[in-house]
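**Student:** Okay, here's what each chain looks like letter by letter:
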Amino acid sequence: MVIIMAGLKEYLIRRVITFIPTIIGVTIIVFLIANIIPADPARAWAGGERARPEVIERIRKMYHLDEPWYIQYIFVIRGIINYFINPNHEGALVDPLTSRYVFDDIFLRFSTTLQLAIFAEIFILAIGIPLGLISALKKDTLLDTFVRIFALVGVSLPIFWIGYIFIWIFFTNLGWTTLAGVPVPKCYETGTCPITTHVPLFDAIFAGEFDTLMQIIKRFWLPGLTLGLGAAGVLARIVRNSFLDALNSDFIEFAKAKGLPRRWIWRHALKNALVPIITVIGLQFGGLLGGAVITETVFGLPGIGRYAVNAISNLDMPAVIGSTLLFSFLYVLVNLVVDITYSIIDPRIRY
Amino acid sequence: MGLASEEAYEKKILDRVADKLVDGIVSVINKIRPGWREKNKSKIDEWKLMFYAFNRSPPGIIGATLIIAFILIGVFGPYFAPYSYRDFLYIEYEDTYLVPPGTTVTVTNKQGEVVKEFYFPLGTDKYGRDLLSLILYGARVSLIVSLIVIMLGVPIGIILGLIAGYFGGKIDEVIMRITDIFLAFPVLILAIAFASVLPDRIRPIIVGNEFLKQLFSIVFAADVKDAANFAPILSVILAIILVWWPGYTRIIRGSVLSARENLYVEAAKALGVSTWKILFKHILPNIISPILVLITLDIGAVILMEAGLSFLGLGAQDPMVDWGKIVYDGAQYFPDRWWLVIFPGFATFLAVLGWNLVGDTLRDVLDPRTRRSIEFKIKKKKEEKG
Numbered sequence: 001m002v003i004i005m006a007g008l009k010e011y012l013i014r015r016v017i018t019f020i021p022t023i024i025g026v027t028i029i030v031f032l033i034a035n036i037i038p039a040d041p042a043r044a045w046a047g048g049e050r051a052r053p054e055v056i057e058r059i060r061k062m063y064h065l066d067e068p069w070y071i072q073y074i075f076v077i078r079g080i081i082n083y084f085i086n087p088n089h090e091g092a093l094v095d096p097l098t099s100r101y102v103f104d105d106i107f108l109r110f111s112t113t114l115q116l117a118i119f120a121e122i123f124i125l126a127i128g129i130p131l132g133l134i135s136a137l138k139k140d141t142l143l144d145t146f147v148r149i150f151a152l153v154g155v156s157l158p159i160f161w162i163g164y165i166f167i168w169i170f171f172t173n174l175g176w177t178t179l180a181g182v183p184v185p186k187c188y189e190t191g192t193c194p195i196t197t198h199v200p201l202f203d204a205i206f207a208g209e210f211d212t213l214m215q216i217i218k219r220f221w222l223p224g225l226t227l228g229l230g231a232a233g234v235l236a237r238i239v240r241n242s243f244l245d246a247l248n249s250d251f252i253e254f255a256k257a258k259g260l261p262r263r264w265i266w267r268h269a270l271k272n273a274l275v276p277i278i279t280v281i282g283l284q285f286g287g288l289l290g291g292a293v294i295t296e297t298v299f300g301l302p303g304i305g306r307y308a309v310n311a312i313s314n315l316d317m318p319a320v321i322g323s324t325l326l327f328s329f330l331y332v333l334v335n336l337v338v339d340i341t342y343s344i345i346d347p348r349i350r351y
Numbered sequence: 001m002g003l004a005s006e007e008a009y010e011k012k013i014l015d016r017v018a019d020k021l022v023d024g025i026v027s028v029i030n031k032i033r034p035g036w037r038e039k040n041k042s043k044i045d046e047w048k049l050m051f052y053a054f055n056r057s058p059p060g061i062i063g064a065t066l067i068i069a070f071i072l073i074g075v076f077g078p079y080f081a082p083y084s085y086r087d088f089l090y091i092e093y094e095d096t097y098l099v100p101p102g103t104t105v106t107v108t109n110k111q112g113e114v115v116k117e118f119y120f121p122l123g124t125d126k127y128g129r130d131l132l133s134l135i136l137y138g139a140r141v142s143l144i145v146s147l148i149v150i151m152l153g154v155p156i157g158i159i160l161g162l163i164a165g166y167f168g169g170k171i172d173e174v175i176m177r178i179t180d181i182f183l184a185f186p187v188l189i190l191a192i193a194f195a196s197v198l199p200d201r202i203r204p205i206i207v208g209n210e211f212l213k214q215l216f217s218i219v220f221a222a223d224v225k226d227a228a229n230f231a232p233i234l235s236v237i238l239a240i241i242l243v244w245w246p247g248y249t250r251i252i253r254g255s256v257l258s259a260r261e262n263l264y265v266e267a268a269k270a271l272g273v274s275t276w277k278i279l280f281k282h283i284l285p286n287i288i289s290p291i292l293v294l295i296t297l298d299i300g301a302v303i304l305m306e307a308g309l310s311f312l313g314l315g316a317q318d319p320m321v322d323w324g325k326i327v328y329d330g331a332q333y334f335p336d337r338w339w340l341v342i343f344p345g346f347a348t349f350l351a352v353l354g355w356n357l358v359g360d361t362l363r364d365v366l367d368p369r370t371r372r373s374i375e376f377k378i379k380k381k382k383e384e385k386g
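Sequence lines, in order, name chains A and B. Going by the numbering used here, 138 is the number at position 138 of the first sequence; the sequence numbering is gapless. Going by the numbering used here, 131 is the number at position 131 of the second sequence; the sequence numbering is gapless.
In isolation and in its complexed conformation, chain A is listed as follows (with noise of 0.2 Å):
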């Protein structure tokens, strides 16, 4: 036990070092994007054709924007860094064009894609999971085929198509989601939350107000079951030959010849079915934070991907800078915790 607890320990350490240069790459690739437009973003900043020259003068002064490209790199990391080290944010990056805190913009904003991604990812394992399981034990008939085709369509749908189709049924004819605003719990307002995450989803269950609950279900649910149709199907199909992979390997064959009873067998086989359904899971969730740009648009949600698609087109850099930075640090944190989390369960994962 102590031996295998070293080995963890070790590799979570390695695994650790290599997420550091993999951000710091992250930030240089994307202040590189950031400056690859040849217009002047001072000028757009201060108001365009018009702007008076000694704003725009006073804007590039702020922003370093005449200084050479590793002097305006280190400012912009430094103030991303300030943000989340000084207590009042002191010195931290602030946009040009709100003119507040870049990362408060973000994490307004956050909140949103948090929950759309939650949803989704509530009915990715509710189809998932179920169909894949049913898949493996009524394999090669008419419904493991079905669960094949659902998977194969799923990943085909486009979710600019699929989702005005739903907002058709759903919303048009049924009635049965809302379209406007994002709701958040009366708390808010008076103050009386007992514990503030600032998502709403989680501040509404904690203050137990299960209107704005419902609320938010209304809202969420078919944005949810859009960004996660086409996962869920990858899913099923990942349960499925997981499952079967396991069922056919030796060591079962080895518990049944020994005479196990068949829920042994079975616990055996869902153990080792779920590293690779795990990992599937965990990148899946990464994806969907990233993936839900085009969602957010179809459903008019103000989440971090319709903000960075705003930012890009007016220009504005460092709101840019801040939501890539923040995808991407999500990614990477997603994609280590799955790698931990085998790890945890398949000790031979370690290498």
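Since the hints were derived computationally from the structure, they do not count as laboratory data. Remember, predicted model here, so these are calculated numbers, not experimental data.
Here are the simulated lysine-lysine pairs, DSSO-like style, with alpha carbons at most 27 Å apart:
| no. | chain 1 | residue 1 | chain 2 | residue 2 |
| --- | --- | --- | --- | --- |
| 1 | B | Lys12 | B | Lys43 |
| 2 | B | Lys382 | B | Lys41 |
| 3 | B | Lys377 | B | Lys12 |
| 4 | B | Lys43 | B | Lys381 |
| 5 | A | Lys139 | B | Lys377 |
| 6 | A | Lys138 | B | Lys377 |
Dock chain B against the given chain A, drawing on the hints supplied.
**Tutor:** The following block gives chain B in isolation, referenced to the frame of chain A:
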């Protein structure tokens, strides 16, 4: 297995087509390199078996039909389109504004005589443009984008993966760290970022070069007047290539790591075969099967991503169209003017589905076990007949 399934392994029409196709290709190769046919007899039989296996899969047949339709429409569609994508009929004829599918708009002169008649099988958009024609033009953009991305992005990924996996050491470390950084981005976000900053850099190059203008106007089936609008589409292509190669690098590297330990690599080295020949002639053919499946599935994914980027307003710009752009423009009229969303979206869905069906079938076809089972069934059939 009953009698019905036994009968299914009799050669069908499609199998004969496959035989002809393979024999044709083989005789061409045989002309270039005499004696090739005798040397590769088993390989040729294997190819035929792959086609037989494919022909036995209904999803594969449906998928292949969809793909062929997509390619044909992409190549020839713009020439058969009833109207050009630049026919803004609304400017002259107000009645053509957002008409529903199947409408015939008649234009009469002051005397009440019918001067002109327009038929719109799929309706029109806000400029009075025929939706069917727009979808046909859009197919070209989708086809070109997915082809160029796969033809450039995949080889880059494969070559880097081969180098990283085979040479190892510092080269491997450098390539894989860069790959990891690219893989750390959610693909859509990175593609959006690239696609939105690149057009301003690409536009001057295209607009200032008469040859490129002509070339891309043929490639995209667009008017030379829209040369400035080629830049955003090319940016989307470049953006998708930039986010696509790392996945291939990682997979190929993994396969090379295990393949290079094989005896045939050792033997080739001992015989003094050059490194490049070992990489491309010995290792690559042995690890290519899963990559072929991935490429097929990825063409669908690229079509989806290109349409998605256009839906966000990044790809084709007015007046040029692709499927995502038509939906992007039409979404504001949904659900009253549903055709602007439903038809181009459906076209996208079918094209993507085709590639996914074929990719999924290829996975079975390229599995040697599937081919062996068919081979045995065919042999058995022959023996029964005597």
